[in-house]
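S.K.: Here is what each chain is made of, one letter per residue.
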Amino acid sequence: MTQSFNPSTPSGGRPWIEGRFEENMVLTTVEQAINWARQSSIWPMTFGLACCAIEMMAAGASRYDLDRFGAGAFRATPRQADLMIVAGTVTYKMASRVRRLYNLMPDPKYVIAMGACTTGGGPYFKWGYHVVKGVDLVVPVDVYVPGCPPRPESLLEGLMRIQDKILGQRIAKRPEGGKVDDELPVPHHSGYVTSAVGDGTLVFDHQKVQP
Amino acid sequence: MTSRESNRGPGFVDLVETALPGAVTGRNLEALDPWIECPPARLAEVCRWLKTNPHVRFDALECITAVDWFEPDPKKAAKVAWQPHIELVYHLWSTSARVSLVVKVKLPRWKDDVPGSLPEAPSVAGIWRTADWHEREVYDLSGIHFTGHPDLRRILCPEDWEGYPLRRDYVMPLEYHGIRGR
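Protein sequences appear in the order of chains V and D. Here the first sequence is numbered in the numbering used here, starting from 1 and rising by one per residue. Here the second sequence is numbered in the numbering used here, starting from 1 and rising by one per residue.
No lab work stands behind these hints, which were simulated from the structure alone. Among these hints, one or two may not hold up.
[As the list claims (entries may be wrong)] Lysine-lysine pairs mimicking DSS-like chemistry, simulated, CA-CA at most 27 Å apart:
| no. | chain 1 | residue 1 | chain 2 | residue 2 |
| --- | --- | --- | --- | --- |
| 1 | V | Lys126 | D | Lys75 |
| 2 | D | Lys104 | D | Lys79 |
| 3 | V | Lys126 | D | Lys76 |
| 4 | D | Lys51 | D | Lys104 |
[Stated by the list, open to error] Beyond 10 Å from chain D on every Cβ pair, some chain V residues (computed):
| no. | residue |
| --- | --- |
| 5 | Gln32 |
| 6 | Arg63 |
| 7 | Pro146 |
Think of the CB as a built atom: it goes at the ideal place given N, C-alpha and C, for glycine as much as any other residue.
Can you make the complete structure from the sequences, with help from the hints?
M.R.: Written out as C-alpha cells, the structure reads:
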C-alpha cells in the first residue's frame, strides 16, 4: 500500500488509517475486533406486539434505515436473533410467550424495552387489569426507550446504546461460575428479582415500586 | 316497509305485540337508537321473530353489550336513581329495510343475589351465528352465562383468569402466575 496524496478526500488529503502504521498493519485487540464485529451485526427478532411495532417497522424501512447500524436483518426465529425489541403492550397472557422467546435466544442476547407500556405499564399502569407493569418483570432489559410510541430516532438511539454496551464487553475467561460485572439480574417470575453480583438478596427498587 | 322510519312510532311495536303478546315491557321508538325491552325468558323468542318476521327482517346482529349498573362507592350508591342490575343491549340491523333496532334485557347482577353465581340469559347464537363470539366476549368480560351457547369459554382473557374485568366491583389482580401486578 503506497501513500498517495488525494485532495478530494474529506480528511484534507490524508488517508484515514492507511499509512498511519507500518506497512499493511493495523493494531487492535481480539476483544475489540470481536466486539466491533458483534456490534455491527445485531440481528433483531421480528417481534411486534402493538402500535410501537409500527414505529419499529418505520425504523427498519428506508427513511430511518436500521441497516446502517448492521441491525436490519430481522430474523423470524429467536434461534438466530441477538436482540429482542419488545415493541408494544405486554399482556399477562403474552408474558409467558415473551419469556419463552427470550429463553430460546442464544447468548449473548439483548433486550430493548420500547415504549411506555414495556418500560412500566404506561397508560395501563393503574387500570389495565391485563397488562404487565413493565416487561422487566418478565425478561431482563438492557435499554429502555421511552415514548408513546417512541420516534424511530429514539429506537436508533436505543440501538446505539446497545452497541455501546457490546463494545464494553470483556471476553477474558472468568473463573468458573463467575458473572459479568454488568450482568442483568434475570427476573424470577415471582416479579421480584435477585441481584446477580451481590449476595442474591431481593431487589425491590429496580422499577421504583416499593412492595 | 322500506323507509328508515319504518320501525318508529307505534306501528312496528304493535306488530311485535300482536305476534308475541306481553313480550315488550318497555320501549322508546323516538330515541336516536329506537329500543324495546323484553324479559330475559322471552329474549330468544323475540329475537327469532325479529329475524324471521315478514315485515322488517333484522338479519344482522351488530353487537352485544353488557352494561353494569352498579356503584361500588357506598356513599355515591345511596344517591343513584337505579337499583343495581345488568343490562344486555343487542343492536340489530336490517340490511334489506336499512333500519336498526335495539333490544334490551335487564338481568340481576348475580343469580339469586348470590355473589359469584352468574346471571343467565338465553343464547341467540342459534339465531345469529355472529352471536357465538359476541356472547363469549360478554361472558369473559362481564360474567353472563348464556344458556344454550354451543361453546361458552373465555375468548380474550387466559382460561385460568379469575373474575370478570368489566364488572364495576372487579378487583385488580395483584399477581398473575408470579408476575406481580403493581
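S.K.: A separate judgement is required for each hint: does it hold in the structure or not?
M.R.: A quick look at each hint next to the structure:
no., hint, result
1, Lys126(V) <-> Lys75(D), "holds (23 Å)"
2, Lys104(D) <-> Lys79(D), "holds (24 Å)"
3, Lys126(V) <-> Lys76(D), "holds (22 Å)"
4, Lys51(D) <-> Lys104(D), "holds (16 Å)"
5, Gln32, "holds (39 Å)"
6, Arg63, "holds (35 Å)"
7, Pro146, "holds (20 Å)"
Violated hints for the displayed structure: none, as all numbered hints are satisfied.
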